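Enquirer: Given chain E's structure and the hints, the job is docking chain G onto it.
As a plain string of letters, each chain reads:
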Amino acid sequence: MIKIEKLSKVFRTEEIETNALSEISLTINQGDFVSIMGPSGSGKSTLLNIIGLLDSASGGSYKLLGEEMVGTKEKAKSKARKENIGFIFQNFNLIDELSVFDNIELPLIYNNVPSSERKKKVEEIAKILGISHRLKHFPQQLSGGQQQRVAVARALINDPKIILADEPTGNLDSKNGNEVMELLTDLHASGSTILMVTHSDYDASFSQKTILMKDGVILSEKLNNRNVDVFAANLNN
Amino acid sequence: MLKNWINIFIYHIKNNKFFTALNVLGLSIGIAGLIFAILYWNEEHSYDKWNPDKDRIFLLVNQMDETRFWASSSSPAGAAIKEKTPEVEDYCYLTGDYTNEIIRFRDKKIQSDKIVSAQKNFFTFFPFDFVEGNRAKALPDENSICLSEDLALKFFGNESALGKEVVLQNKKLLVRGVYKLDKKSSYNPSCVVNFVDYGLRETLGQWGNFQLVLLIKARNANAISDIIRNLDKLYYTNLTVRFAKFNGMSPEEYVKKYGVPKPHLESLASLRLHTKTGGLVEGKGNYQFLLIMLGLSVLILILSIVNYINSATANAIKRAKEVGVRKIIGASKTNIIQQFVFETVLIVLFAILISLVIVELSLPYYNSFLEKTLTIEGSQFYMQLIIIFFVTVGVAGIIPAIYVSNFEVLQVLKGNFGRSKRGIWLRNGMLILQFTIASFFTIGSYIVYSQIEHMNKKDLGFKASNILDISYRNTYSDNDKTTKVNRFNQYLLIKNELSHIKGVKKVAGSGFVFGGGVSTTSYLYKDTEVDGNNIIVDFGFLEMLNIKMAKGRYFSPKFAQDTVSTMLINETALKQLNEKDPIGKVIKWGDKDVTIVGVVKDFNLGNPGDPIPPMSFFHFKTFPWFVNSLNNIYVDVDASNTEQTLADIEKFWSKNVDQDYPFTYDFVEKEYSRSYSNYIKQKELFSLLNIIVIIIALFGLFSLASFSIERRMKEIAIRKTLGAETNILLKELSKQYVLHCIIGFLFALFPTYYFLSKWLENFSYRISISIYPFLIGFTTLLVLTLFVVLTRAYQATKIDILKYLKYE
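The listed protein sequences derive, respectively, from chains E and G. In our numbering, each residue's number is its place in the first sequence (first place is 1) plus 1052. In our numbering, each residue's number is its place in the second sequence (first place is 1) plus 637.
Chain E extracted, bound-state conformation:
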């Protein structure tokens, strides 16, 4: 699904050149749940932004669904983004001035889905995520966990091919954080492809594979031990 080869990103200021990413290669297949970990400044967010087509690479190749994305125009990127990618952010990034319903509905609007169908879809997904009773509220009236669920609903409403999550639990307490992680696990279980940036080993343990980054390079990739999952699950139980 995603194939990255020798991808690099250089930030230039007048005096200094910083290699945020240096020749990274990575493949993510359909149905994968991958975490990226690393200290601040390791390049993990930059990588996520490039994959999410919010930022552009300085060199190398990034193929999304077989199509080369490095060097394509903003318009094509925008199209690829709205059709294929769903985002979940640490600070939710909901539009405060719009109701929950309007927030979730937005991606459908930009994908030209007819109004009647939009309403049905929003209600469906709100039901799945347990926020049906909150549709008329504004984001500020919700708890952090509920806000993140709205954000997840918005990310999923368009049936994206891949979900990008940038520290989705960063702004949540452990209970709400856990709920969100379970949500992601469920999504994965139902076949979604997920790429998540996180600081937390615990969160990473929900994923299949953890990539560790430092100074713009991938230090290691490890498959998470199922046992740990089971153990954690048992502990939780």
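Worth flagging that the hints you see were computed from the coordinates, not collected in a lab. Note that the structure is a prediction, hence the values are computed from the model and not measured. No residue lacks a Cβ here, since even glycine has one placed at the ideal position from N, Cα and C. The reader is advised that the hints may include incorrect statements.
[Stated by the list, open to error] Computed far set for chain E versus chain G, every beta-carbon distance over 10 Å: (1) 1064; (2) 1225; (3) 1240.
[To be verified] Each computed DSSO-like pair below joins lysine-lysine, with the alpha-carbon atoms no more than 27 Å apart: (4) G/640 / E/1188; (5) E/1115 / G/970; (6) E/1274 / E/1261; (7) G/955 / E/1188; (8) E/1127 / G/1139; (9) E/1172 / G/640; (10) E/1173 / G/970; (11) G/654 / E/1171; (12) E/1179 / G/654; (13) E/1188 / G/654; (14) E/1127 / G/955; (15) G/921 / E/1129; (16) G/654 / E/1213; (17) G/921 / G/808; (18) E/1131 / G/970; (19) G/640 / E/1127; (20) G/970 / E/1171; (21) G/1095 / G/1163; (22) G/1139 / G/1292; (23) E/1171 / G/899; (24) E/1129 / G/955; (25) E/1188 / G/651.
[What the hints assert, rightly or not] Here are some, though not all, of the chain E residues that point toward chain G, as calculated from beta-carbon distances under 10 Å: (26) 1120; (27) 1150; (28) 1155.
Expert: Quick look at chain G alone, frame taken from chain E:
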């Protein structure tokens, strides 16, 4: 999508009621101003617009010298040019003024003030629609009259007017047609008669006598140069050569010395606004005033659009997150632009509605200000309104929308965007533009005000407190000399009676109105030609108006020759004559030799901004035709009991002088000030607009300062924590505005100087532009700026530090 946009739009309006209201109001005022200007513009441009031949009907204009253009022509010119030039299809002579006379039908009499006398083809030049009768056969002879629908209605009600016999100037006239006066044209007569042919026959052959208006219809609009070439030839043979011979010199010498009239043609289409003459009967549009109105209202609209853009881009930063999220979710740039333009569309629509309300409510005041009857109507106006809408949306909507759509998603979502410097150049540029416009208005209105004050304070050379000017209908018949003597005796009789009314101090007749024009006659003195304004007076007139003598004496009944062969000149004429000792010098004036017995100190007859022309003063009896101009009787009335005296005069007048026509009078001072009311209006307009501009600009400054100080709250909080004192903070917060104010002022310097100098060129008695208006304008602006900014900044320094330090 629309619903989504509207939701968020309403949310923002609800949360920014005050600033939204300011914005909408600002735009409404700007648009209302433009609508006012456009209504005026349309009205002035509607004259003769309906006339199908407006481009090929020309007024023959005769240029007498560098600056004087006459709308009148000589009697033989029309027939001669038609014969000589195949391109001329037709010509029509008509009177240059309306006459105001009583028309009778049986025992009904109605005074009609817009009577025009024209040749029989008048209605082919002005093809008004005929309600009754036939346009082609409307004025076959001198016994015919055509009435406007209004006048016919007054006379005959619902009866047919056709074939009825009315009486005008003791002539029986048959009504041959009734026309509709529903469109504006250079002539809007209440009725048309065909009396000019008589006058034409009388003056046939007099190439040097410019009496009637001559309209020439060409076969096509491009024939101008041929017609003018032939007119030039005609003038050469009939004026230059003939007069040169008469004066015993070669034509070249004659032209060099005296010059000859130069013919020009002005089409009906351009006449109203662009004629070089003083205009035809309906007057001349004030094109300069029109341009000033339009220019100023466009400036105000720009100002309010700038306000809108500023506040929209400032607000957009608050909305950066929304835009960022929309983009991530899949909104394209176009989507974002559409959304923001959509919001502007709603705002502008609303603003236009409010502006229409403003216009509708204030139209009566505007009409009385312009002395017009403008209304909001016409497809042309609605088209223009639609254009205003699109242009406003285009400028006010697209700039902020593009600016917003260019937000970079990553930067926005990283936070800190609220304090970014993005777009600050745009807002600063706009702010400077506002300061420039505001400076222009402030300085400009001060200069205009000074000039008008300068004129008001001018020593006019006459004093007219409590002096009445009574219009005297001195009707006469042109060919009866004995009547003329009778006329004057009749006047003396009235004068005598008036003098006996209680409260009347002095009475004197004259042939002119203060603030109006007079006829001019040229005379020669030692090879110098002087175009003197003919000031025809009775004994005691100059004394009554406190007009002083520079040399010599006033006219006096003690000197028998004062009614035969003496004249006075004014100082301007003396200067032109270049004569050290003018008293006793003899001048050939008309067919007589007259002696100068005095020099009158210069006084203003016309508008105080105009130069004072050379004047020749005569007593009424000096030349027989002078009595024709005896149309004004001036009465010096005792100020203590004016009303009673007026009532007595009126009673006497309507009983003994004129039973038919109403008693009409005016105070000289009022009459005179009307001669430059035009400029007083410009002053008032400029002051009003200046206030509006300053208010709008301060609105803008206020919202911008609020916004930018809000963005710096964290900085202010940190500075306060570190111990900054209030006045240091205030200085820090206000210095950029002072800087912008200075830059804006500097940008305004040159345009202000340029345009106001142009405007001052209208006046020969004028102020020169000094440094004071600039100093005063700048100081005013700076004080207002500091006031607005410091109020805002002072509030900011009183903040709760913790609130802003904890934030983010």
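Enquirer: Hint by hint, say whether it matches the structure.
Expert: Structure-based check of all given hints:
{"no.": "1", "hint": "1064", "in the structure": "holds (16 Å)"}
{"no.": "2", "hint": "1225", "in the structure": "holds (20 Å)"}
{"no.": "3", "hint": "1240", "in the structure": "holds (22 Å)"}
{"no.": "4", "hint": "G/640 / E/1188", "in the structure": "holds (15 Å)"}
{"no.": "5", "hint": "E/1115 / G/970", "in the structure": "holds (24 Å)"}
{"no.": "6", "hint": "E/1274 / E/1261", "in the structure": "holds (6 Å)"}
{"no.": "7", "hint": "G/955 / E/1188", "in the structure": "holds (23 Å)"}
{"no.": "8", "hint": "E/1127 / G/1139", "in the structure": "violated (94 Å)"}
{"no.": "9", "hint": "E/1172 / G/640", "in the structure": "holds (17 Å)"}
{"no.": "10", "hint": "E/1173 / G/970", "in the structure": "holds (26 Å)"}
{"no.": "11", "hint": "G/654 / E/1171", "in the structure": "violated (31 Å)"}
{"no.": "12", "hint": "E/1179 / G/654", "in the structure": "violated (36 Å)"}
{"no.": "13", "hint": "E/1188 / G/654", "in the structure": "holds (23 Å)"}
{"no.": "14", "hint": "E/1127 / G/955", "in the structure": "holds (25 Å)"}
{"no.": "15", "hint": "G/921 / E/1129", "in the structure": "violated (64 Å)"}
{"no.": "16", "hint": "G/654 / E/1213", "in the structure": "violated (43 Å)"}
{"no.": "17", "hint": "G/921 / G/808", "in the structure": "violated (33 Å)"}
{"no.": "18", "hint": "E/1131 / G/970", "in the structure": "holds (11 Å)"}
{"no.": "19", "hint": "G/640 / E/1127", "in the structure": "holds (25 Å)"}
{"no.": "20", "hint": "G/970 / E/1171", "in the structure": "holds (25 Å)"}
{"no.": "21", "hint": "G/1095 / G/1163", "in the structure": "violated (34 Å)"}
{"no.": "22", "hint": "G/1139 / G/1292", "in the structure": "holds (17 Å)"}
{"no.": "23", "hint": "E/1171 / G/899", "in the structure": "violated (82 Å)"}
{"no.": "24", "hint": "E/1129 / G/955", "in the structure": "holds (26 Å)"}
{"no.": "25", "hint": "E/1188 / G/651", "in the structure": "holds (18 Å)"}
{"no.": "26", "hint": "1120", "in the structure": "violated (20 Å)"}
{"no.": "27", "hint": "1150", "in the structure": "holds (6 Å)"}
{"no.": "28", "hint": "1155", "in the structure": "holds (8 Å)"}
Against the hints set out earlier in the document, violations occur for numbers 8, 11, 12, 15, 16, 17, 21, 23 and 26.
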